[in-house]
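A.B. asks: In terms of the working numbering, the sequence shown opens at residue 1 and continues consecutively.
Fair warning: there could be bad hints in the mix.
What the hints assert, rightly or not - Label-pair restraints from in silico Cβ distances:
| hint | residue 1 | residue 2 | range |
| --- | --- | --- | --- |
| 1 | A38 | G122 | 18 to 24 Å |
| 2 | H99 | S61 | 27 to 33 Å |
| 3 | E78 | W124 | 18 to 24 Å |
| 4 | G74 | E110 | 25 to 31 Å |
| 5 | D64 | Q108 | 17 to 23 Å |
| 6 | D49 | Q86 | 28 to 34 Å |
| 7 | S85 | R48 | 26 to 32 Å |
| 8 | Q86 | N117 | 16 to 22 Å |
| 9 | N117 | D49 | 19 to 25 Å |
| 10 | G52 | E109 | 21 to 27 Å |
| 11 | P96 | D76 | 33 to 39 Å |
| 12 | N97 | S61 | 30 to 36 Å |
| 13 | E63 | W124 | 27 to 33 Å |
| 14 | A95 | D60 | 29 to 35 Å |
These aren't lab readings, by the way, just hints derived from the structure by calculation. Note that the structure is a prediction, hence the values are computed from the model and not measured. By construction, the Cβ of each residue, glycine as well, lies at the ideal position given by its N, Cα and C atoms.
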Amino acid sequence: MRNTLWISRAHFGSKVMAAAVTVLAIGSVVSAAPAQAAPTKGSIAISRDGRGFAIATGYDSYEDAEQAAERKCGPDCEWKTTWGSQYKCGAAAMAPNRHWGWARGDSQEEAEQNAINEAGPGAWARVSGCETITRDPA
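Construct the entire structure; sequences and hints are all you get.
C.D. replies: Below, the structure is given as structure tokens:
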């Protein structure tokens, strides 16, 4: 009986040791992984009269992207769409009647098609852009 108990303890001890080694190995793999980069942000601004537009990409915050798009577009412009976290692309389209539509999407083609659908019949994409993960938050 005593040998059986000793074998059980030895067996239990080896399982504990194996579990500890596994935890240490996983911990070192997890801690060795590089920090995941944060997606940059983009924005499109359109003038109030619908004649001007601008795109800004590669910004760290939505606010910075919005302000940059408005600044590039001019004093009569305001931002209409932003992207970069949930969606990686944005687009603006204009219909023949000068009605604008803007949208986001997971790809440039999807964003453009969504914007065309918003603008109405005969619309075409005037501006579009996408963000990639380029900045490391660390």
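A.B. asks: Hints first: check each against the structure and report whether it holds.
C.D. replies: Hint-by-hint comparison with the structure:
no.	hint	result
1	A38 to G122: 18 to 24 Å	violated, 38 Å
2	H99 to S61: 27 to 33 Å	holds, 30 Å
3	E78 to W124: 18 to 24 Å	holds, 22 Å
4	G74 to E110: 25 to 31 Å	holds, 28 Å
5	D64 to Q108: 17 to 23 Å	holds, 22 Å
6	D49 to Q86: 28 to 34 Å	holds, 30 Å
7	S85 to R48: 26 to 32 Å	holds, 28 Å
8	Q86 to N117: 16 to 22 Å	holds, 19 Å
9	N117 to D49: 19 to 25 Å	holds, 23 Å
10	G52 to E109: 21 to 27 Å	holds, 25 Å
11	P96 to D76: 33 to 39 Å	violated, 22 Å
12	N97 to S61: 30 to 36 Å	holds, 35 Å
13	E63 to W124: 27 to 33 Å	holds, 30 Å
14	A95 to D60: 29 to 35 Å	holds, 34 Å
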